[in-house]
Amino acid sequence: HEEAEPMAKLAVEDTKMGNVYHKILKHHLVADKTLGTSDLETRALSGDRGLTLVEMAPFGIIGAITPSTNPSCTVICNSICMLAGGNGVIFNPHPHAKRISAYAVDLVNRAILAAGGPENICTMPANPTMETLDDIMFAPEVKLLVGTGGPGMVKTLMLSLIHI
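Position one of the sequence shown corresponds to residue 76 (my numbering), numbered consecutively onward.
The set of hints was computed from the structure by calculation and includes no laboratory data. Note that the structure is predicted; figures quoted are calculated from it, not measured. Built from N, CA and C at the ideal position, the CB exists for glycine as well. Any given hint could be a false lead.
[Stated by the list, open to error] Per label pair, the in silico range of CB-to-CB distance:
{"#": "1", "residue 1": "Lys230", "residue 2": "His171", "range": "33 to 43 Å"}
{"#": "2", "residue 1": "Pro170", "residue 2": "Tyr96", "range": "47 to 57 Å"}
{"#": "3", "residue 1": "Val95", "residue 2": "Thr117", "range": "14 to 24 Å"}
{"#": "4", "residue 1": "Val95", "residue 2": "Gly125", "range": "50 to 60 Å"}
{"#": "5", "residue 1": "Ala132", "residue 2": "Leu100", "range": "30 to 40 Å"}
{"#": "6", "residue 1": "Ala132", "residue 2": "Met233", "range": "22 to 32 Å"}
{"#": "7", "residue 1": "Gly111", "residue 2": "Lys218", "range": "15 to 25 Å"}
[What the hints assert, rightly or not] Mimicking BS3-like on lysine-lysine, the simulated pairs with C-alpha atoms at most 30 Å apart in a straight line are:
{"#": "8", "residue 1": "Lys230", "residue 2": "Lys91"}
{"#": "9", "residue 1": "Lys108", "residue 2": "Lys218"}
{"#": "10", "residue 1": "Lys91", "residue 2": "Lys108"}
{"#": "11", "residue 1": "Lys84", "residue 2": "Lys108"}
{"#": "12", "residue 1": "Lys218", "residue 2": "Lys230"}
Let the hints inform the model, and build the full structure from the sequences given.
Encoded structure:
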């Protein structure tokens with residue numbers, strides 16, 4: 076919550092989109108409502124066909140593409156959900172949002188370290204480009220891709236399916 080206003084100001088400054096007040100509200104919403112480890116449930120189902128145990132398991136490294144519209148909110152929300160599931164994440168933010176995205180990634184990493192977690196489990200390229208996106212999309216270590224954005228971003232991510 077303490078970082079909501081500085082991040083909102085930097086997001087508007089970097090992207091030239093939105094207004095600071097609305098971005099402050101969105102940062103508070105992300106801080107208060109994003110699902111985390113307490114939302115991961117193990118379920119057991121039984122019936123005439125036996126017992127089924129459903130447990131969540133991590134994918135490994137997730138590649139995440141973030142938009143210029145709400146870059147820091149997306150980084151924080153995605154980080155909480157992905158890390159809660161036991162994954163690492165590498166973001167490829169929109170180039171117009173690289174400063175605010177780096178700020179958000181650093182904030183997440185500082186919070187992880189303060190809680191006793193590992194260093195740099197959330198990361199991003201210093202200069203995100205379409206080439207760094209390709210590197211992430213086609214890296215064999217990246218087991219899942221998540222994208223936030225419009226039809227162009229979806230089309231780009233779908234290209235990664237060609238190489239499966």
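Against the structure, the hints come out as follows:
At about 19 Å, the beta-carbon gap between Lys230 and His171 misses the expected band of 33 to 43 Å. The hinted window of 47 to 57 Å between Pro170 and Tyr96 is violated, with their beta carbons roughly 25 Å apart. Our hint of 14 to 24 Å for Val95 and Thr117 is violated, since their Cβ atoms are close to 42 Å apart. With their beta carbons about 56 Å apart, Val95 and Gly125 fall inside the hinted range of 50 to 60 Å.
Distance hint for Ala132 and Leu100: a CB-CB separation of about 34 Å, consistent with the stated range 30 to 40 Å. Remark: the range hint 22 to 32 Å for Ala132 to Met233 is upheld by a beta-carbon distance near 25 Å. For the hinted restraint 15 to 25 Å between Gly111 and Lys218, the CB-CB distance of approximately 21 Å keeps it satisfied. Between the alpha carbons of Lys230 and Lys91 the distance comes to roughly 25 Å, so the proposed pair stays at or under 30 Å and holds.
For the given pair, Lys108 sits about 26 Å from Lys218 by alpha-carbon distance, which is consistent with the 30 Å threshold. Distance hint between Lys91 and Lys108 is fulfilled; the C-alpha atoms sit about 26 Å from each other, no more than 30 Å. Proximity of Lys84 to Lys108 is assessed by CA-CA distance (about 21 Å); at most 30 Å being required, the pair is judged to hold. For the given pair, Lys218 sits about 18 Å from Lys230 by alpha-carbon distance, which is consistent with the 30 Å threshold.
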